[in-house]
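Engineer: Line by line, the protein sequences are chains F and B.
What the first sequence shows, in the working numbering, is residues 1 to 348, in sequence order.
What the second sequence shows, in the working numbering, is residues 1 to 581, in sequence order.
None of these hints come from the bench; they were simulated from the model.
All residues carry an ideal CB built from backbone N, CA and C; glycine is no exception.
Errors might be hidden in some of the hints.
[What the hints assert, rightly or not] Here are the computed distance ranges between Cβ atoms for each label pair: (1) F/L318 - B/P142: 47 to 55 angstroms; (2) B/P142 - F/T162: 18 to 26 angstroms; (3) F/A144 - B/V69: 35 to 43 angstroms; (4) F/P180 - B/S356: 25 to 33 angstroms; (5) B/V69 - F/E72: 46 to 54 angstroms; (6) B/L568 - F/A331: 52 to 60 angstroms.
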Amino acid sequence: MPDTLNLLKHLTRTAALFGAFLATSAMAQTIDEASSYNGPDRLEKLVAAAKAEGALTLYTATPVEDVTAMTEAFTAKYDIPVTIWRGSSEDVLRRAVTEIKAGRHDADLIETNGPELEALHRENILQPVSSPIIPDIFEGAVPAHKEWVGSRLNIITAAYNTDLVSEADVPNAWSDLLDPKWKGKVGLEAEAYDWLATVNASFPSEKEGIDFFTRLADTNGISLRKGHTLLTNLAASGEVPLALTTYFYKVDQMNKDGAPIKSLQLGPSVARVNGLGIAKTAKHPNAAILFQDFTLTDGQKILAERGFTPTNIKIVPLPTSLDVKVVDGAAMLDKLAEWRDTFEKAVK
Amino acid sequence: MSLHESSFAKSVEKPSFFGRIRPEWLIIGAAVLIVGWLALVPLVFLLWQSFMTPAAGDIPAIFTLGNYVRALTDSSILPLFRNSVVFATGTSCLALFIGTLFAWLNERTNTPFKMMFYAASIVPLVIPSILFTVSWIMVASPQIGLFNLMLKNMFGLSGPVFDIYSMGGMIWVEGLHYSPIAFLLMSAAFRSMDPSLEESALMSGASIGQIMFRITLKLVWPALIASFFILFIRSIESFEVPALLGMPVGIEVFTSSIYEAIREYPSNVGLASAYAVVLLLIASFGIYFQSKLSSQGSKYSTVTGKGFRPRPFDLGVWRIPAAILIVLYMILVIVLPFLVLFWSSLNKYYSVPSWSALSRLSFDAYVKVINYPMVGQAVWNSAMLSLGAATTIMLLTAVICWIVIRTKLPARWLLDNVASLPMVFPGLVLGLSVMICYLYLDIGIYGTTWIIFIAYVTRFMPYGIRYNTTSMLQIHKDLEESAAMSGASWSQSFVRIVLPLLKPGLLAGWIYIVVVSIRELSSSVLLYSPGSEVVSIVIWELWQNGQYVELSAFGVMMIIALFIVVMLAQLVGKRFGVKEA
Chain F
1 MPDTLNLLKH LTRTAALFGA FLATSAMAQT IDEASSYNGP DRLEKLVAAA
51 KAEGALTLYT ATPVEDVTAM TEAFTAKYDI PVTIWRGSSE DVLRRAVTEI
101 KAGRHDADLI ETNGPELEAL HRENILQPVS SPIIPDIFEG AVPAHKEWVG
151 SRLNIITAAY NTDLVSEADV PNAWSDLLDP KWKGKVGLEA EAYDWLATVN
201 ASFPSEKEGI DFFTRLADTN GISLRKGHTL LTNLAASGEV PLALTTYFYK
251 VDQMNKDGAP IKSLQLGPSV ARVNGLGIAK TAKHPNAAIL FQDFTLTDGQ
301 KILAERGFTP TNIKIVPLPT SLDVKVVDGA AMLDKLAEWR DTFEKAVK
Chain B
1 MSLHESSFAK SVEKPSFFGR IRPEWLIIGA AVLIVGWLAL VPLVFLLWQS
51 FMTPAAGDIP AIFTLGNYVR ALTDSSILPL FRNSVVFATG TSCLALFIGT
101 LFAWLNERTN TPFKMMFYAA SIVPLVIPSI LFTVSWIMVA SPQIGLFNLM
151 LKNMFGLSGP VFDIYSMGGM IWVEGLHYSP IAFLLMSAAF RSMDPSLEES
201 ALMSGASIGQ IMFRITLKLV WPALIASFFI LFIRSIESFE VPALLGMPVG
251 IEVFTSSIYE AIREYPSNVG LASAYAVVLL LIASFGIYFQ SKLSSQGSKY
301 STVTGKGFRP RPFDLGVWRI PAAILIVLYM ILVIVLPFLV LFWSSLNKYY
351 SVPSWSALSR LSFDAYVKVI NYPMVGQAVW NSAMLSLGAA TTIMLLTAVI
401 CWIVIRTKLP ARWLLDNVAS LPMVFPGLVL GLSVMICYLY LDIGIYGTTW
451 IIFIAYVTRF MPYGIRYNTT SMLQIHKDLE ESAAMSGASW SQSFVRIVLP
501 LLKPGLLAGW IYIVVVSIRE LSSSVLLYSP GSEVVSIVIW ELWQNGQYVE
551 LSAFGVMMII ALFIVVMLAQ LVGKRFGVKE A
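Given the sequences, and given the hints that come with them, work out the whole structure.
Structural biologist: Below, the structure is given as structure tokens:
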């Protein structure tokens with residue numbers, strides 16, 4: 001039985017691959033041309049070709065309300081309808097890779113987190129695009145291979161409950177947290193491996209950073225909570241008076257809604273990059289490139305209005321109050337297991 | 001003599017070719033083929049993956065035994081496994097005790113508020129477990145828990161009374177959350193039990209306790225075992241409660257290692273599969289043990305040809321304490337979480353109930369949820385999928401159970417086992433196997449709602465098997481034999497005798513599958529496509545974005561909708577099947 005199934009799989013796979021081969025060889029010319037052309041009439045050509053394609057499918061890890069705001073603006077401007085598939089950053093990676101390897105080319109454009117985009121690059125799925133907008137983008141948000149471009153930063157900062165922590169008690173430096181008054185009051189997201197890796201780099205040496213967090217866990221204890229948004233909500237409800245890792249925009253939004261929570265600069269603010277890459281196998285490559293350009297220009301204001309931190313610093317400058325350090329996606333892919341061990345040894 | 005033998009005897013009398021291919025064999029054969037295909041796709045995938053290294057970029061996957069070596073020799077797994085077993089045993093015992101007690105009170109006695117209670121009992125099952133857990137944090141956390149604050153103020157205590165962040169707290173929350181599983185299954189068993197044995201015992205002077213332990217529980221032994229088995233497997237796999245309540249105090253369970261293996265890049269599905277194979281072996285042992293019970297013939301069959309009328313048992317003066325117990329349970333498990341949910345749906349952000357918060361309440365969240373992108377489509381798809389999957393599963397597994405229990409076919413134990421295995425597959429692995437299967441086997445299913453339907457039928461088929469098996473064991477084969485003697489065909493006796501007598505089990509299993517398939521996330525998320533969104537995707541979306549207020553509002557609406565569905569199902573069920581006295 002397993003043998004027959006595998007044979008069947010093998011046969012259908014061969015057929016699918018053959019079909020894919022035929023399709024890509026016909027398409028290769030257009031996507032390479034479209035992605036490398038940089039002449040003065042680039043935008044006009046792109047718009048005309050995109051309108052001829054007339055459709056676009058986007059796989060995205062952006063919250064559905066936010067991504068819909070973006071696609072509606074795009075459709076209003078160019079009259080090209082966008083189909084959205086939404087999942088977690090890992091789901092987006094898994095679905096795109098599985099489908100494309102099986103010869104199903106639904107996805108034109110893939111929008112997800114930095115490490116997952118880097119994984120897509122390694123899976124040989126993305127098409128490098130030379131766009132005149134790239135020089136305006138925040139330095140840490142574009143990889144050297146240019147197969148994807150960061151469109152927004154997800155900034156992670158500390159936050160505290162204003163009912164439970166008075167202004168005078170707000171810590172100013174890491175060492176303040178070792179004071180016994182913080183016993184049992186500090187929370188951290190349970191899988192903040194990339195956060196630890198990035199924050200740790202701001203300590204004089206790697207060892208000093210890890211020693212500090214180990215000491216904090218030993219003296220005052222760190223309560224681990226699964227999920228950044230849960231941790232943010234628990235901080236607002238008073239369950240965790242001081243949370244080290246909350247989404248900056250979420251705290252801001254809840255603060256505006258009247259929740260007793262405020263963000264706090266403690267060490268650097270860690271930024272996760274979210275970006276877009278175009279699939280080599282895209283059926284609508286011009287529309288995909290046009291959407292990427294749109295997100296990096298007009299779309300940046302939409303993102304800013306919705307509380308995100310856009311990467312095109314020429315259009316929306318970074319908040320000056322924050323010392324932003326970007327997570328290195330490629331390094332996180334290679335060293336995830338190592339950082340997980342370090343994290344578990346230090347803070348558990 | 002079983003029906004299988006009797007129909008075989010008939011076919012011998014008519015030796016013509018068409019005479020031998022009787023229509024029932026087509027139905028039975030089709031059922032076996034469908035169930036076999038559905039169950040073997042993920043099983044083959046799981047076994048195949050468990051021997052493969054992860055593929056990344058240009059490095060292909062190759063054969064390895066490393067996953068098993070790592071899964072079985074990793075010393076850090078052992079304490080996690082121990083935690084899982086303690087947690088699952090505790091949860092199953094608590095849920096089984098609560099579920100059985102209330103099922104007995106509700107089905108076998110004349111306590112008040114029966115029908116209402118049956119429908120209300122599914123509420124904890126409907127509340128997404130994340131919300132159920134978070135509402136218990138609000139109630140019993142040492143820092144902000146409402147109960148702790150109240151007790152502190154009332155008695156001037158210095159420390160908290162309850163600590164939800166402990167193994168006890170985890171068992172309590174999960175046990176309450178899962179108690180409807182036991183309640184539904186045990187209700188079905190109690191409902192198809194002939195009361196004459198209990199009545200005779202009462203006449204001979206036995207006390208209620210004696211009757212309960214010596215007669216009632218012994219007769220529903222298969223149902224007790226089946227409930228324990230389902231509860232145990234579900235709590236071994238459960239993720240939310242350990243993550244939310246155990247993790248902050250360092251209690252970790254086995255599932256987190258499956259989860260971590262999948263999350264790595266390249267995703268280590270192989271290691272996760274190897275862990276799952278270990279669980280699979282444990283579960284197979286459980287299924288084998290259960291099938292031993294079903295081969296013990298008619299030991300548990302009380303539904304016979306002799307005037308079967310299920311009748312409630314008069315509790316006499318005990319009616320009042322029983323009613324108080326039911327009300328307490330309803331407050332603790334149904335009303336309280338519902339109120340916490342309702343309270344938070346009226347707020348702007350999650351907060352503990354207080355007078356000062358009263359002024360901030362509004363129904364904005366409900367408006368927002370109704371206008372949320374894709375909600376309408378998702379509700380429609382989920383309704384179709386859950387009703388369709390539940391009906392298909394219950395009918396399909398009724399045939400399978402009939403084969404397993406009534407016939408003497410040689411490999412029937414295997415059939416039971418194969419159809420029950422999907423219960424143990426991690427949802428994500430099952431989703432991935434279905435996804436890959438229909439991507440390569442391109443028959444136009446991929447990208448449609450049908451692929452989710454296939455995944456649901458596969459995933460929840462084992463529950464259909466367990467619910468139907470327990471009910472079928474209680475039906476004596478007398479009745480089918482008399483029908484056959486009177487000239488009824490197999491299809492006639494199946495539709496007019498077996499299915500109506502199975503009704504309590506069919507209905508309970510149907511309700512269970514409707515509810516859990518609406519909440520199914522881990523395989524839906526991989527399989528849905530634009531246009532085939534389901535409700536669990538919306539729930540996940542709201543949870544992921546931290547929109548707890550909207551999530552609570554959505555939860556409240558879901559509870560009300562499913563409550564109505566269950567009430568309707570009961571009303572329809574009353575008109576069909578055995579008349580109750």
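Engineer: Evaluate each hint against the coordinates.
Structural biologist: The hints, checked one at a time:
1. Judged by the Cβ atoms, the range 47 to 55 angstroms given for F/L318 and B/P142 is violated: they are separated by roughly 40 angstroms.
2. Checking the proposed 18 to 26 angstroms range against B/P142 and F/T162 shows it holds: the Cβ atoms sit about 21 angstroms from each other.
3. Look at F/A144 against B/V69: about 38 angstroms separates their beta carbons, and that is inside 35 to 43 angstroms.
4. With their beta carbons about 31 angstroms apart, F/P180 and B/S356 fall inside the hinted range of 25 to 33 angstroms.
5. At roughly 52 angstroms, the beta carbons of B/V69 and F/E72 sit within the given window of 46 to 54 angstroms.
6. For B/L568 and F/A331, the hinted distance range of 52 to 60 angstroms is satisfied, since their beta carbons lie about 56 angstroms from each other.
Hint 1 alone, counting from the list given before, is not met by this structure.
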